[in-house]
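So the sequences go chain by chain: A and B.
Take 266 as the starting number for the first sequence in my numbering and just add one per residue.
Take 24 as the starting number for the second sequence in my numbering and just add one per residue.
Fair warning: there could be bad hints in the mix.
Some chain B residues near chain A, calculated using beta-carbon distances under 7 Å [said to hold, decoys possible]: (1) Phe43; (2) Trp45; (3) Leu47; (4) Trp101; (5) Leu142.
A few chain A residues that don't get close to chain B, going by computed Cβ distances all over 10 Å [said to hold, decoys possible]: (6) Gly280; (7) Leu343; (8) Arg533; (9) Ile545; (10) Leu649; (11) Pro653; (12) Leu684; (13) Leu736; (14) Gly800; (15) Asp819.
Calculated from the structure, these hints are not laboratory results.
Positions of the beta carbon are idealized from the N, C-alpha and C atoms, including for glycine.
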Amino acid sequence: MIPELGHFALALALGLALVQSVLPLAGASRGNLLWMRSARASSLGQLLFVAVAFAALMRSFVVSDFTVRNVVENSHSLKPMLFKIAGTWGSHEGSLVLWVLILVAFGAAVSLFGANIPERLKARTLAVQAWISTGFLSFLLLTSNPFERVFPPPPDGNDLNPLLQDVGLAMHPPLLYVGYVGFSIVFSFAVAALLEGRVDAAWARWVRPWTLAAWMSLTAGIALGSWWAYYELGWGGWWFWDPVENVSFMPWLLGTALLHSAIVTEKRDAFKSWTILLAILTFSLSLLGTFIVRSGMLTSVHAFAVDPERGLYILMLLALSIGGSLALYAWRAPMMEAGGLFRPISRESGLLVNNLILAAATGTVLFGTLYPLFYEALTGGDKLSVGPPFFNSSFVPMMLPLVFVMGLGPFLSWKRADLGGVLQRLRFVAALSGLAALAVWYVAERGPVLAYLAIFLAVWLLLATLREWGLRIRLAEVPLGESLRRARKLPRAAHGMTLAHAGLAVAIFGFAGSSAWKSEEIVFVTPGSDVSIAGFDVTFEGAKRLNGPNYIADRGTLTVRRDGAFVKTLYPERRSYPVAQSTTTESAIRSTLAGDLYASLAEPASDEASASGAWTLRILYEPLVNFIWLGAVMLFAGGGLSLSDRRLRVGAPKRPSATPAAVAAE
Amino acid sequence: MVRLLALIPLLIAIVFGAFFLWGLNPDRDPSELPSVLISQPAPAFDLPPVPGAGVPGLAQEDLADNDGAVVVNVFASWCVPCRAEHAVLTRFVDEEGVRLFGINYKDQPEDAVAWLENLGNPYERIGSDLDGRAGIEWGISGVPETFIVGSDGTVLFRYVGPVVGDEAVEEFGIALAQARAVPLQGEGS
Numbered sequence: 266m267i268p269e270l271g272h273f274a275l276a277l278a279l280g281l282a283l284v285q286s287v288l289p290l291a292g293a294s295r296g297n298l299l300w301m302r303s304a305r306a307s308s309l310g311q312l313l314f315v316a317v318a319f320a321a322l323m324r325s326f327v328v329s330d331f332t333v334r335n336v337v338e339n340s341h342s343l344k345p346m347l348f349k350i351a352g353t354w355g356s357h358e359g360s361l362v363l364w365v366l367i368l369v370a371f372g373a374a375v376s377l378f379g380a381n382i383p384e385r386l387k388a389r390t391l392a393v394q395a396w397i398s399t400g401f402l403s404f405l406l407l408t409s410n411p412f413e414r415v416f417p418p419p420p421d422g423n424d425l426n427p428l429l430q431d432v433g434l435a436m437h438p439p440l441l442y443v444g445y446v447g448f449s450i451v452f453s454f455a456v457a458a459l460l461e462g463r464v465d466a467a468w469a470r471w472v473r474p475w476t477l478a479a480w481m482s483l484t485a486g487i488a489l490g491s492w493w494a495y496y497e498l499g500w501g502g503w504w505f506w507d508p509v510e511n512v513s514f515m516p517w518l519l520g521t522a523l524l525h526s527a528i529v530t531e532k533r534d535a536f537k538s539w540t541i542l543l544a545i546l547t548f549s550l551s552l553l554g555t556f557i558v559r560s561g562m563l564t565s566v567h568a569f570a571v572d573p574e575r576g577l578y579i580l581m582l583l584a585l586s587i588g589g590s591l592a593l594y595a596w597r598a599p600m601m602e603a604g605g606l607f608r609p610i611s612r613e614s615g616l617l618v619n620n621l622i623l624a625a626a627t628g629t630v631l632f633g634t635l636y637p638l639f640y641e642a643l644t645g646g647d648k649l650s651v652g653p654p655f656f657n658s659s660f661v662p663m664m665l666p667l668v669f670v671m672g673l674g675p676f677l678s679w680k681r682a683d684l685g686g687v688l689q690r691l692r693f694v695a696a697l698s699g700l701a702a703l704a705v706w707y708v709a710e711r712g713p714v715l716a717y718l719a720i721f722l723a724v725w726l727l728l729a730t731l732r733e734w735g736l737r738i739r740l741a742e743v744p745l746g747e748s749l750r751r752a753r754k755l756p757r758a759a760h761g762m763t764l765a766h767a768g769l770a771v772a773i774f775g776f777a778g779s780s781a782w783k784s785e786e787i788v789f790v791t792p793g794s795d796v797s798i799a800g801f802d803v804t805f806e807g808a809k810r811l812n813g814p815n816y817i818a819d820r821g822t823l824t825v826r827r828d829g830a831f832v833k834t835l836y837p838e839r840r841s842y843p844v845a846q847s848t849t850t851e852s853a854i855r856s857t858l859a860g861d862l863y864a865s866l867a868e869p870a871s872d873e874a875s876a877s878g879a880w881t882l883r884i885l886y887e888p889l890v891n892f893i894w895l896g897a898v899m900l901f902a903g904g905g906l907s908l909s910d911r912r913l914r915v916g917a918p919k920r921p922s923a924t925p926a927a928v929a930a931e
Numbered sequence: 024m025v026r027l028l029a030l031i032p033l034l035i036a037i038v039f040g041a042f043f044l045w046g047l048n049p050d051r052d053p054s055e056l057p058s059v060l061i062s063q064p065a066p067a068f069d070l071p072p073v074p075g076a077g078v079p080g081l082a083q084e085d086l087a088d089n090d091g092a093v094v095v096n097v098f099a100s101w102c103v104p105c106r107a108e109h110a111v112l113t114r115f116v117d118e119e120g121v122r123l124f125g126i127n128y129k130d131q132p133e134d135a136v137a138w139l140e141n142l143g144n145p146y147e148r149i150g151s152d153l154d155g156r157a158g159i160e161w162g163i164s165g166v167p168e169t170f171i172v173g174s175d176g177t178v179l180f181r182y183v184g185p186v187v188g189d190e191a192v193e194e195f196g197i198a199l200a201q202a203r204a205v206p207l208q209g210e211g212s
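Let's have the full structure, built from the sequences with the hints guiding it.
Next up, the structure:
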């Protein structure tokens, strides 16, 4: 009964979405306030119904209702409760329900919290949002019903892929989706602005909090996914340039560009059509990601079950939404008048360089990701794969100048800036960065030139960012109390920028350290074997068999010593899941800021050897790797600070609150 | 002019869309790989040794006249699964006396040497395929890939991806045992 209710709720939500696609739009063009305001009720109604459907699906997983096909295929009665709940979004259908839930939640949030947005723009935005939800709700109902029943019900389920039974990964899709799908509302704002034919500073200000919120979630989602890959896959890497990683990374890159170009539109009324284009493209890349993951177009470790019919449906949705919005853009964008002028050396130019580099980097990642497909199509069936060497040699060098400009940018003033003066102020920062890079070169024996350059730029960015903050609060120029008072009065967005930029600098230390100075040992061990790595002596004490709730584990015991002194005992595990017939590695990590000592058990050395307790042991030392996650946390917190800025809450260019009479007269 | 510029994103999107439509063809399986080499002679290639690795290079002739089946493994130091596979291949060499040849694919020689020094070198010969040319001849789709080549230089088996994990090792082991059971072939191909 409850699954049918969930199915019915989806159908009701589709009905509301159809109404919301048309009525507010008609209201906006005819000046009918009642029609425009209908979007509020219908967007809240959509949220309610989709939430009911989601809850119904989740209940089926919680109580292990094996009459529902989706539960049978993705759950098991012995699974821990957390993973039963996470199983709700572990499959194609379930994750799509989550996708739509977040989509309609953003629509409802705009109608609830967007009190300062003019009625017309809000009505059009919500109508566009409803177009998207119409597309995806119909996709769910027509091709991917999550509530399909099976008869007769099997006694137990097939289990969720054990790799995915992990707390980090249970939380990864929801965060990633909030980011991905959150850009939908920015897209809707952009299309609504194109329909209105007007983009101004106020528009950029209304869009900014939504962009920030989506960007923050995407940052958290990507970082969590990368952290998961790091400790769960047992390879010790944190980024593999897998197509599915790339498709989550591209909206992040372009979303970052959008955040910055929207600042120019807000403050200087410039870059208007570029900002609109970025808003459209960012969400288009999110949609592209959804398409690639679900169509089986590219080979990837993450892909869902493949179904060409679904792929075709999403491609059609893509054609309508991306093609339609870009056609609208091609028609309307040339009519937008250009805004404030600026000199080649100015903050505008700095942000332009930021945008060009981020856009080019996005293009590079997109090209590298899709090249295997293009190649296959053009050569008539030949296949190849594009691996980390391509991305490392194209993407990384592209980002380095960006980091350099990031250090300078905040010092530049709007319209025209004095580059000489800025460089003058930063000469100590540059000297210190150079010294830091030299010091690293002296201490760490070997490493690629790129790594030293990265260290130089990370120090440069960190110090320049702190220096800029210090200048703003006139640190050391006026008494400390006065500086603190200034810091309190500084807009939170300024603190947010400082924190986020410093966060990227911190993350670069992590990227460079763990890529360039990683050490790795893969050895066969028997009880009593010793391995030395990065100053640690690791002794393998043996492996023991243990039983978990739905798995059997071999747990190794490693004693770590440094200079003879005991440091820590590590317990890497190798788990096999009999129901799902697969194995996972649970690595054991000794984490410090200086670096991670990372151990994982690979397969037994051979059959006879496993009887005598011999294993393949992989031990890595990844210097500075935790700086990556620390930097991600700072990026997230910086976004949060900026989001809490007073100007976004109050909406400075506030118009008199739109009463019915006022709008009718407009 | 502005009008034309504003059209560019749409045109690019249409081109992408056309590729995607082609890619959705239900007969196309992106994970299926053409195995044109099976039962064919190994392709013509001639690779120099990896400087500093201490083993000779690899060419087609080295595969043409052997006493039994040999294994050709395509690897690179930047490839993470290759590291996992390295232990398995080393075991085949040490325990079963397999003759293992390597193609070092798109890899800087110094990186490859460091990798081999770190993990050990089970390879009898290693050809340095810096520009990926031999990789194209062999039709590889990525690294690692492992081929079993008969005593007369005929490619008998291809394994895509790392030979790691019980199933993969079993599949590869069976193929290897069959290849080695075949007596010296006189008929040629």
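To see whether the hints hold, each was checked on the structure:
The closest approach between the C-beta of Phe43(B) and any C-beta of chain A is roughly 6 Å, which is under the 7 Å cut-off, so the hint is satisfied. At its closest, the beta carbon of Trp45(B) sits 5 Å from a beta carbon of chain A; the interface hint therefore holds under the 7 Å criterion. This hint holds: Leu47(B) has a C-beta 5 Å from the nearest C-beta of chain A, less than the 7 Å allowed. Hint status for Trp101(B) relative to chain A: holds, with the closest Cβ pair at about 6 Å, below 7 Å.
For Leu142(B), the interface hint holds, since its Cβ comes within 7 Å of a Cβ in chain A; the closest pair sits about 6 Å apart. Interface exclusion of Gly280(A) from chain B stands, the closest Cβ pair being 30 Å apart, more than 10 Å. A cut-off of 10 Å between C-beta atoms confirms that Leu343(A) is not in contact with chain B; the least separation is 23 Å. Non-interface call for Arg533(A) relative to chain B: holds, since the shortest CB-CB distance, roughly 20 Å, exceeds 10 Å.
Distance check on Ile545(A): its Cβ comes as close as 8 Å (rounded) to a Cβ of chain B, failing to clear the 10 Å threshold; non-interface status is violated. Distance to chain B contradicts Leu649(A) as a non-interface residue, since its nearest Cβ pair spans about 6 Å, not more than 10 Å. For Pro653(A), the shortest C-beta to C-beta distance to chain B comes to about 6 Å, within the 10 Å cut-off, and the non-interface label is violated. Against the 10 Å criterion, Leu684(A) stays outside the reach of chain B, whose nearest CB is about 29 Å from its own CB.
Distance check for Leu736(A) against chain B: the nearest CB is about 39 Å away, which clears 10 Å, and the non-interface claim stands. Consistency note on Gly800(A): stated as away from chain B, and its beta-carbon is indeed over 10 Å from all of that chain's, at 17 Å minimum. Residue placement check: Asp819(A) keeps its beta carbon more than 10 Å from all beta carbons of chain B (closest about 13 Å).
Going through the hint list in order, the structure does not satisfy hints 9, 10, 11.
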